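Residue numbers (the working numbering), protein chains in the order written: chain A, 1 to 631; chain B, 1 to 459.
Note that these hints are calculated values from the structure, not bench results.
Just so you know, these numbers come straight off a predicted model, no measurement behind them.
Fair warning: there could be bad hints in the mix.
[Claimed, not checked] Derived DSSO-like pairs (lysine-lysine); straight-line CA-CA distance at most 27 angstroms:
no. : chain 1 : residue 1 : chain 2 : residue 2
1   : A       : Lys362    : B       : Lys104
2   : A       : Lys503    : B       : Lys435
3   : A       : Lys212    : A       : Lys278
4   : A       : Lys503    : B       : Lys247
5   : A       : Lys365    : B       : Lys104
6   : A       : Lys410    : A       : Lys362
7   : B       : Lys380    : B       : Lys435
8   : A       : Lys365    : B       : Lys316
9   : B       : Lys380    : B       : Lys452
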Amino acid sequence: MDPSRRAPRAAIDPVPKFRQVGFFAPPERSQSGPPDPTHSSPPISSSLSPVMIPPPRHLSDNLLLHARPTVSPLRPDSSTAAATAGTSFDAADFFPALPSPAPSSSYSSRISGEGGFFNGGARGSGAKVAASSFPRGGFDLTAMKASVVPASELTTVSVVNDSLGIPEKEKGNKGGGSSVEVKDQSNSSKQQKPKTSKAERRALQEAQRAAKAAAKAEGNKASGTAASVNAKSAKAVKPAQKVDNAAVAASEKKGAEIPPEKDRKKDAPQPRMQYDDKSRVEKAKRRAVVKQTEARNRVELFRHLPQYEHGSQLPDLEARFFHLSPVHPAVYKVGLQYLTGDISGANARCIAMLQAFQEAIKDYKVPLEKTLVRDLTAKVSSYVSFLIECRPLSISMGNAIRFLKSRIAKLPLTLSESEAKASLQSDIVRFISEKIILANKVIVKHAVTKIRDGDVLLTYGSSSAVEMILLHAHELGRQFRVVVVDSRPKHRGQLLLRRLVEKGLSCTYTHINAVSYIMHEVTRVFLGASSVLSNGTVYSRVGTACVAMVAHAFRVPVIVCCEAYKFHERVQLDSICSNELGSPDKRACNCKRIWERTALPYTGVTIPRITKPPKMTIKMPKELTRSASLE
Amino acid sequence: MDFQVVVLGGGVSKKLLPLVSQELPNALLPVANRPVLSYVLEYLELSNLKDLIVVVEGEEAAVHVGSWISGAYADRLHVEVAAVPEDVGTAGAIRAISHHLTSKDILVVSGDLVTDVPLGAVAATHRRHDAVVTVMLCSAPISGPSESVSSGGKDKTKKPGRYDLIGLDPTRQFLVHIATGAEVDKDLRIHKSMLHAVGQIEIRADLMDAHLYAFKRSVLQEVLDQKSAFHSLKHDVLPYLVRSQLKSEVLLNGVPQEEENGTEKVISQSNQQMLSQILANASESTFPLRHALGPYGTTSVRNTHKCCVYIAGSSKYCTRLNSIQAYSDINRDVIGEASHLSGYSFSAQNNIIDPSAELGAKTTVGPHCMLGEGSQMGDKCSVKRSVIGRHCRIGANVKVVNSVVMNHVTIGDSCSIQGSVICSNVQLQERVVLKDCQVGAGFVVTAGSECKGEVLAKK
């Protein structure tokens with residue numbers, strides 16, 4: 001009993017630390033935001049993430065780590081096997097006409113729905129087997145939490161209520177990657193002004209002292225000379241300071257090799273636009289297509305985020321409808337729909353954007369004396385920046401754009417214009433059907449196996465994947481009940497509720513502040529996600545973490561459904577450094593953010609664990625293979 | 001952005017009769033000493049729409065309008081003027097130029113519209129919803145709908161104004177019912193199916209159809225082809241489209257997205273359905289969408305189209321010059337509260353007096369007045385809230401209040417003009433008193449006559 005009691009607490013403990021990261025060092029954070037997903041991704045490990053991690057964590061992590069390396073060898077293997085099997089099956093199932101199953105398999109076999117459901121009591125029959133394979137068997141809880149579920153090719157991220165295995169795993173990752181990240185920290189500190197301030201200040205002081213001395217020595221001579229001396233001495237001090245810094249960095253890195261300054265600068269990801277940096281904001285404003293008035297009542301904590309008054313954007317964009325000739329009408333329409341909220345939801349936004357691009361490509365003509373590859377890339381970029389001005393991109397859209405741009409870049413030069421356009425269009429169609437539609441189908445197929453008769457399923461907000469799962473399960477004749485949890489101000493859940501009730505499901509609707517009252521009758525929690533980051537963090541609508549935490553406290557398994565094209569290599573430790581602000585008029589409380597990350601202990605996403613076996617890594621989509629360096 | 005603009009210039013309207021003539025068609029009626037059409041053209045120019053088709057009823061009127069446009073907008077706009085026979089109606093006018101229309105969407109603007117509502121907003125709304133027709137609505141003028149007010153306004157008490165009755169869905173984005181002034185009796189008929197689909201209809205009587213429409217070209221052309229009896233856009237085409245939006249008969253060309261790749265056709269069938277479902281679920285469920293998808297998720301998609309509205313904000317100015325009352329109102333407003341429309345710069349006294357105008361001793365020109373070039377005024381005159389055109393000669397001790405005086409008018413001494421419209425080349429002899437009168441072009445009012453609420457014109 002004791003260990004099971006202790007377990008969750010142990011898991012909860014790291015959380016405040018997580019949080020502290022966010023609130024403690026906002027200036028550093030704001031300067032070293034994660035890379036913009038739309039830009040070409042930074043190279044791997046050395047610049048995985050500029051996010052700071054407080055050093056004490058690593059120490060404790062390393063201490064905790066020792067148990068981890070012997071992850072049951074059995075499980076990954078079996079999961080891989082299942083995954084491959086499932087893959088070929090799926091390819092045959094869904095893509096009968098596809099010429100080569102290779103591409104589809106490469107994506108559809110991403111994540112095995114590992115983990116299973118742990119519910120305090122041993123539910124699975126394979127509990128003991130798994131327990132024996134678990135070195136940390138000392139904890140009852142882990143022993144109970146056997147993964148019964150065979151791994152499959154799913155894109156569902158099955159989420160475990162277990163709070164031990166994964167966080168430690170993640171910590172292990174951190175421990176392993178700590179040198180990288182610390183280096184990164186020092187790296188970024190080099191570029192940042194406030195960071196170098198210590199050395200700089202010293203330099204300045206010295207220079208001033210020298211200047212003073214010089215002035216004293218030379219008595220009443222012109223002050224101009226003094227100034228020049230000042231400058232000179234400052235210059236002289238500079239290299240020393242550099243060396244100083246490097247030395248510090250070296251000591252921090254504990255012997256890790258230091259790449260030359262230039263390389264390191266190149267490696268560092270392009271910092272995301274920081275909206276508290278006045279000069280940059282000015283510059284961006286001049287470029288902007290959509291005029292945006294800034295919000296007046298800013299919140300200090302979110303100052304670095306783009307903050308605009310939502311009311312003013314739409315009329316302005318509308319008024320200049322006929323002035324925006326470079327934007328294709330289809331793209332314009334989608335942008336407008338983003339702005340007005342006609343389209344929301346990661347999948348729908350991504351699909352709408354891709355379809356608009358498809359149309360734009362269809363109407364595209366290569367101008368004289370230009371090559372298709374370059375000109376079209378520029379065009380797409382301009383469309384994207386227009387869309388960003390309408391609403392910040394979601395991660396899924398970033399990935400889709402990256403895909404499209406890479407397809408454009410890889411077009412063979414021998415293709416004629418019409419052929420190239422046709423191939424791009426079919427690429428887009430394929431992206432939609434394979435990465436979104438098919439992924440959803442696979443998720444549904446897998447997740448339905450988790451629904452049993454008599455279940456009470458809770459969902460939060462309105463996720464297309466979850467909706468499809470529920471409807472499919474209903475079609476299969478499963479007897480279950482749904483609890484739709486909703487939140488202000490958008491009340492997306494009401495729409496979901498309406499559709500579910502129309503289909504004849506029995507539903508309960510409640511608001512998020514009542515989630516703890518309803519949770520005791522719930523047996524499964526299904527959540528959608530905007531993105532899953534490479535450290536396993538789920539990035540989703542604000543409130544998701546709350547639901548997950550409550551579910552965790554009630555020992556209810558949480559399952560997050562997320563297609564693999566939404567994965568991102570970014571690591572984000574808080575939901576402050578990069579987020580999107582909602583309309584200040586609509587929010588009732590001071591929680592302004594739209595997105596929220598769900599801390600790992602509560603979701604226990606299994607991606608890092610799956611990345612582990614090399615066989616699986618191969619089948620990961622690009623974004624994930626990059627994150628393989630986590631291990 | 002793939003829009004074509006058609007300006008319906010009209011011909012010689014009966015409603016404006018003493019004011020307009022073959023030489024001075026509706027479109028050229030001066031508002032603050034500028035033809036009313038120039039307000040529309042400049043409004044379009046401001047929206048970066050420089051390729052226009054102006055349709056005018058009547059050959060002679062078309063020649064006048066054409067020559068004026070070519071003089072005033074020589075290098076600024078690319079305008080084509082088309083003449084259509086008289087009394088073909090707005091629908092007939094569009095039918096006549098139908099073969100010139102090629103773009104995806106068409107903006108139809110009435111030539112007598114004076115407004116500053118952003119045109120792009122209407123077009124953007126149209127595009128956003130992919131609507132068949134988008135109507136711009138503005139708040140109806142306080143003086144009552146223009147149709148009810150016949151000349152002079154002496155019969156203001158006679159009958160209550162007839163309003164456009166406009167039914168909107170709860171989000172106020174879609175038009176579900178429209179009944180224009182003439183059709184409205186005591187009761188209002190609404191289709192049950194519509195009520196069922198929308199759930200809640202908001203009937204507004206305080207809105208006015210500004211006669212600015214965005215049409216989907218293919219639909220408009222098809223409707224005009226099929227229904228040859230349709231005479232007016234406002235009274236026939238628009239109500240038809242609104243009425244039939246739930247079971248659309250017009251063939252909306254383009255079943256969404258034909259897959260171009262034959263090999264993927266099999267997949268696309270089921271995928272397409274899922275795709276549309278995802279997209280449909282993503283948006284706030286507006287009633288056309290809910291209705292289109294059918295109840296309880298039946299897969300058969302119904303044929304529907306959307307009729308959208310754009311409701312102009314109350315701070316925007318939007319009026320049509322379609323009655324004499326409206327003419328006076330617009331003249332007053334353009335000089336007064338909506339002065340940014342006039343394009344003139346006002347003096348410190350908040351009025352416009354051309355430097356070449358001559359004022360006699362002790363003559364006062366109040367705020368919200370306009371005095372055209374070359375006009376002369378005698379001693380001890382007073383002008384309040386009025387527009388006086390070019391080269392007018394006004395004698396001594398004349399009072400002009402709330403009136404419009406066009407060009408080359410001669411007004412004798414000691415006249416008093418109140419709430420009247422005096423057309424070009426009119427001669428008012430001494431001691432004439434006019435109240436709420438319209439004086440047609442070239443008319444001579446004999447000395448000492450007193451008129452109230454009369455129409456004075458050459459027979």
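Please write out, lowest number first, the hints stated earlier that are contradicted by the structure. 2, 3 and 8
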